[in-house]
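Read off the chains here:
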Amino acid sequence: MSEAPFARRALTVTGMEELGAYRVLRVADPDGAAPEPGQFAMLAAAERWGGGEDERPYLPRAFSIARHLDGESHFLLEDVGPGSRRLCELRAGEKLWSLGPLGQGFAAPPDGRRALLVGGGVGIAPLAILQDSLSAACTVLLGFRDAPRVAGAALLSGAQLATDDGSAGHHGLVTDLLEEEIRHDSHAVVYACGPAGMLEGVRAVCARAEVPAQLALEAGMACGFGACFGCVVPRRGGGYLRVCVDGPVIDAAVLEHVEEHAGAPA
Amino acid sequence: MSEAPFARRALTVTGMEELGAYRVLRVADPDGAAPEPGQFAMLAAAERWGGGEDERPYLPRAFSIARHLDGESHFLLEDVGPGSRRLCELRAGEKLWSLGPLGQGFAAPPDGRRALLVGGGVGIAPLAILQDSLSAACTVLLGFRDAPRVAGAALLSGAQLATDDGSAGHHGLVTDLLEEEIRHDSHAVVYACGPAGMLEGVRAVCARAEVPAQLALEAGMACGFGACFGCVVPRRGGGYLRVCVDGPVIDAAVLEHVEEHAGAPA
Amino acid sequence: MSIEFCGLELAHRVINGSGTFDAIAARRVFDEGLRTGFPFAAYVSKTITLEPRAGNPPPRLWEAPGGLINSIGLPNKGLDGYLRDDLPQLADLLGDAGGEAADRRAVPLITNVMGADSEEISRLLEACQERGEIAAVELNVSCPNVKTGLDIGADPRQLEDVVRAVRGRTQKPLVVKLTPNTADVAACAQAAEEAGADAVSLINTLRATALAPQATVRPRRPWLGGGTGGLSGPAIRVVALAQVEAVAARVTIPVVGMGGVQCARHARDLLDVGATLVAVGTESFRDPASAGRIARELQSLEEG
Amino acid sequence: MSIEFCGLELAHRVINGSGTFDAIAARRVFDEGLRTGFPFAAYVSKTITLEPRAGNPPPRLWEAPGGLINSIGLPNKGLDGYLRDDLPQLADLLGDAGGEAADRRAVPLITNVMGADSEEISRLLEACQERGEIAAVELNVSCPNVKTGLDIGADPRQLEDVVRAVRGRTQKPLVVKLTPNTADVAACAQAAEEAGADAVSLINTLRATALAPQATVRPRRPWLGGGTGGLSGPAIRVVALAQVEAVAARVTIPVVGMGGVQCARHARDLLDVGATLVAVGTESFRDPASAGRIARELQSLEEG
Ligand SMILES: Cc1cc2nc3c(=O)[nH]c(=O)nc-3n(C[C@H](O)[C@H](O)[C@H](O)COP(=O)(O)OP(=O)(O)OC[C@H]3O[C@@H](n4cnc5c(N)ncnc54)[C@H](O)[C@@H]3O)c2cc1C
Ligand SMILES: Cc1cc2nc3c(=O)[nH]c(=O)nc-3n(C[C@H](O)[C@H](O)[C@H](O)COP(=O)(O)OP(=O)(O)OC[C@H]3O[C@@H](n4cnc5c(N)ncnc54)[C@H](O)[C@@H]3O)c2cc1C
Ligand SMILES: Cc1cc2nc3c(=O)[nH]c(=O)nc-3n(C[C@H](O)[C@H](O)[C@H](O)COP(=O)(O)O)c2cc1C
Ligand SMILES: Cc1cc2nc3c(=O)[nH]c(=O)nc-3n(C[C@H](O)[C@H](O)[C@H](O)COP(=O)(O)O)c2cc1C
Ligand code: FES
Ligand code: FES
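Residue numbers (this note's numbering), protein chains in the order written: chain A, 1 to 266; chain B, 1 to 266; chain C, 1 to 304; chain D, 1 to 304.
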């Protein structure tokens, strides 16, 4: 795990580009620790964080580090509420608060095993930096709701697509593609991030096929560094895991199910 | 009193110009009631009203209507806190909420009596629209703290100046100029707006000289239309007046003193 | 659609919080606009006391994160002044303020009263009983007990005694406006019900204070002329929801829920935990017509 | 400058609120940065109970206007697990976490405990008494009484009985963490003092709730897995200030003030109404180093 400096830092936005329904936020972070794939940062606009719907946002929001290149961190944003909306408004030159990199990232695949990256919607973000880090070729399966969201697939290379509305690739679930892949190669290691329903599908498919899977979960977070105990998911066999410090990447084997709130916006 | 529509209205900003330390905000209001000099409006930015220092502003802020011309209302703003700061950020095309025109304005001088306008700092705002409305020539005395604020004097014509730092006009208080004027013409009617200390000075000078004075007061306001009973000043002889509905222009004779919080930012 | 509340027929579910809308002043300011767009299904007066009160010295307001502290001090003309000056004006305004031109009908008037003990409250209720303009009475029990300094409504037993003692003084519906500054608001609500209240309303403001911002003067002064005040607005909304939920689960009489309501979604939350009516307070300060907007949004939520 | 608090010597006036900073997890995340920049003058553990607790099902958090509702449910390893696993790690971290390289000294550890009755609390205090790593004990009395459902700290008499019954079980300083969900927090503080508390701390969170945002499912579900929760953060700051002021005016023992503190100005307010120390809770979530910043700003306010 990359170690985070003990304080949030004011970083400068270097770019904000549209990518279909999403935006890619770039932030200069020349002095920050290089993140591991799957790690995240807690972000908040330095100015006017608050004053949106219901006077929110108040707490920072967790965002997967989607890429780390030339001293810049990239984030993939979807405007789904007051926090993401405010971040989407940021423009080059403006400041944001960042705490991180935080959390447990993906573990590299054991030698000789193929990495099978499965992403859904805005949840594809951590798979991009994972792909960047892999030395061997990997298979990328991405699911999206509709055409404006499919544009997000540009973040990764060589992806096979599935869409809910049939606007690109397979008309159906990305887990259909996954089952197909696993049928041909049950020696793969699965890396997944996306909505809770998709992650639960991935978990179940992999469990049946006895394929190891690393799931990057989400959860409502107040702190991101283990302080609030707010971000839990039930652990198989009882008790809870804190997604921020025990995850966000969690071995599917330690989960009974992926619960309703444990994924990216659907 | 001009009657206000029963609801705040979303108006469009048409301009925001610097005027030394102040800004002049212009708002399109072609359908609004024509304000009387001394009336005010409760303003709030339509977006992101909140999220500043201490999560404020939350309530709208009262601003004197400084001018009403060609279907536009002008306001003079000084950035002194989270509400005025947010309003100062507005740019042409953005929306703001406005409720008004509200309150009791200045009463025109009786025939043949000279109007003597005395303003301090950002408190000069309602004197501009008053000057616009007067048929006869008037005397204008304005006091400012320093050179950047003196620029505000451009809002009125033919003003004599006093400054705390001696950067323009008389080095001293605007009430010094007032005493001088009254000594020459005790037949004037005084119209004043400014910091509490200045207003109290004006009140005392006029009381001694038995010159009638109309003081445009300020007070922390939550509503601006008599609902909250928050904006009171003590009335001579006991009880309180609501600045928003009994004022903001109040006959100096009904006040014992102008209290600490009853004026514009000093 | 019309709503029944304590035998009164209301056009919708949204009323005002006591002390947050002066209909007489608003009429002076907005005149015809207020008459034709009157936003509340019933109108609650500000708190009336036996004797006239000037209220607290200024400053009376402090803006807090997502809220407002007020320390108004219940200024009012006293019972006699209210009955003589205000009641006729209110009756005149409310008489034809209910709805669009065609189906205008009277908006019921709920008079809010407060007294330091059962004696005072009895006199207030008896006076209200006499006047046909008054449809119901709301009893504000956030009045400090002279001996303990605590609100008389903060202790269930004390509250039950007071309500029982005064209940007989009026046949009009009696709403008890509970205090939120208590350990067990549901027990207080239950006590009010057992003593004969026809409804309860909550929440009133949370006790709060602020110091004058200038840090140079020592010892620092409280900002509010009245020393402490009460917090209202969005900041208290989630506290209100918990208290209304707890109360509605405990009583069978109707509950008027309030605290930080700004839109139909917030009103819906209160109704969904068991409130029959919702009151809008501080949000009216930001927009005098907000309650009307909320009532309309609520109706389209219910239809849609 | 050093501050005396219940016989402990503290480097400054800022500590953490119980349950808002897990030093063990933070050390894993920030390692050396936490050690050298440890922000609190004393470290308060999260609440420890006799038996281990898993805590409430998720969701556990709801963002409210200017605040946060949490319904964490006091997860902890239980007394034995805490003493065995956590205490050595905390002692190791705190042992040299106080200040810059040259003058590092131990940061005192205050262990926060909660029990359902005097019996349970006694066992917790006795166990703390045995351990040298623990400098003081904080007793969280926001534990629901099994019979009434109310916090055992909500009633002054009940609180006095409990504190009196357990007071003798430890010679270490005993801080009573009061509940704000009560009619008269000053009376509770006074009761704690009379029963032998060495200090009181407040405010804990205000009871609050939220409904799941999807309005289509009926009856609507509470959002929080635990049903209701507690509100913290800026929204409660002015309530905290009023309660701390009332308590400090009533007791002679030191008061730890907390609730919505985000900067030195807010801390200064609490100190100016009579607090000896200030605790930072929710603001640490926004920036883990915020308490350190506040302590530094406070010192320069005092010097300047
Ligand atoms: C490890 C991690 C990585 C993430 N990575 C990304 C990423 O790369 N890109 C991305 O776009 N997002 C990411 N997220 C999600 C992100 O942190 C935010 O949750 C998301 O942007 C929504 O926040 P918001 O303020 O826009 O909307 P909110 O309204 O705060 O959140 C939307 C959801 O939260 C719930 N909700 C609604 N109101 C409230 C309330 N008042 N309090 C609490 N919950 C409420 C509802 O379920 C709602 O659907 C990640 C989250 C985690 C934990
Ligand atoms: C009738 C009327 C006309 C006005 N006309 C103008 C005008 O033409 N131009 C103009 O610039 N201003 C005008 N004002 C003042 C304006 O309404 C605002 O008060 C001012 O802009 C400051 O608001 P703010 O949010 O910027 O700062 P705030 O911080 O809200 O206000 C500054 C002052 O309020 C007090 N204060 C600080 N914190 C708080 C708090 N939390 N709650 C309550 N009070 C606090 C302090 O005394 C502080 O100095 C007028 C006011 C009135 C009543
Ligand atoms: C300025 C102000 C004055 C109030 N006056 C009274 C009053 O006279 N009597 C009363 O019972 N409640 C009074 N209240 C409380 C409100 O009726 C309401 O209970 C409270 O404000 C919570 O609702 P809100 O958050 O929507 O404002 C007052 C509230 C405010 C803000
Ligand atoms: C997530 C969370 C967990 C908390 N856990 C505890 C706890 O275990 N024991 C306790 O006494 N107080 C607990 N508290 C209350 C805080 O210590 C503090 O009293 C309260 O949050 C007010 O301070 P703040 O507004 O600065 O957060 C918790 C608060 C939060 C937000
Ligand atoms: S987000 Fe606070 S513990 Fe995980
Ligand atoms: S501002 Fe509300 S009564 Fe004047």
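Quick caveat, the hints were computed from the structure, so don't treat them as lab data.
Treat the hints loosely; a few may be bogus.
[Said to hold, decoys possible] Okay, derived cross-link-like pairs now, SDA-like style, lysine to any residue, Cα gap no bigger than 25 Å in a straight line: (1) D:Lys147 / C:Arg157; (2) A:Lys95 / B:Ala151; (3) D:Lys172 / D:Ile24; (4) B:Lys95 / A:Glu53; (5) D:Lys147 / C:Val251; (6) B:Lys95 / A:Asp165; (7) D:Lys172 / D:Gly7; (8) B:Lys95 / A:Gly237; (9) B:Lys95 / A:Glu94; (10) C:Lys147 / D:Val251; (11) C:Lys77 / C:Glu120; (12) D:Lys172 / D:Pro219; (13) D:Lys77 / A:Val80; (14) A:Lys95 / B:His184; (15) C:Lys77 / C:Asp92; (16) C:Lys172 / C:Gln214; (17) C:Lys147 / D:Thr252; (18) C:Lys147 / D:Ala249; (19) C:Lys147 / D:Glu303; (20) D:Lys172 / D:Arg157; (21) C:Lys147 / C:Gly73.
Remember, predicted model here, so these are calculated numbers, not experimental data.
The hints, checked one at a time:
no.	hint	result
1	D:Lys147 / C:Arg157	18 Å, holds
2	A:Lys95 / B:Ala151	32 Å, violated
3	D:Lys172 / D:Ile24	23 Å, holds
4	B:Lys95 / A:Glu53	17 Å, holds
5	D:Lys147 / C:Val251	20 Å, holds
6	B:Lys95 / A:Asp165	37 Å, violated
7	D:Lys172 / D:Gly7	10 Å, holds
8	B:Lys95 / A:Gly237	55 Å, violated
9	B:Lys95 / A:Glu94	22 Å, holds
10	C:Lys147 / D:Val251	20 Å, holds
11	C:Lys77 / C:Glu120	16 Å, holds
12	D:Lys172 / D:Pro219	50 Å, violated
13	D:Lys77 / A:Val80	37 Å, violated
14	A:Lys95 / B:His184	58 Å, violated
15	C:Lys77 / C:Asp92	19 Å, holds
16	C:Lys172 / C:Gln214	50 Å, violated
17	C:Lys147 / D:Thr252	23 Å, holds
18	C:Lys147 / D:Ala249	18 Å, holds
19	C:Lys147 / D:Glu303	43 Å, violated
20	D:Lys172 / D:Arg157	24 Å, holds
21	C:Lys147 / C:Gly73	19 Å, holds
Hint compliance for this structure: hints 2, 6, 8, 12, 13, 14, 16 and 19 are broken, all remaining hints hold.
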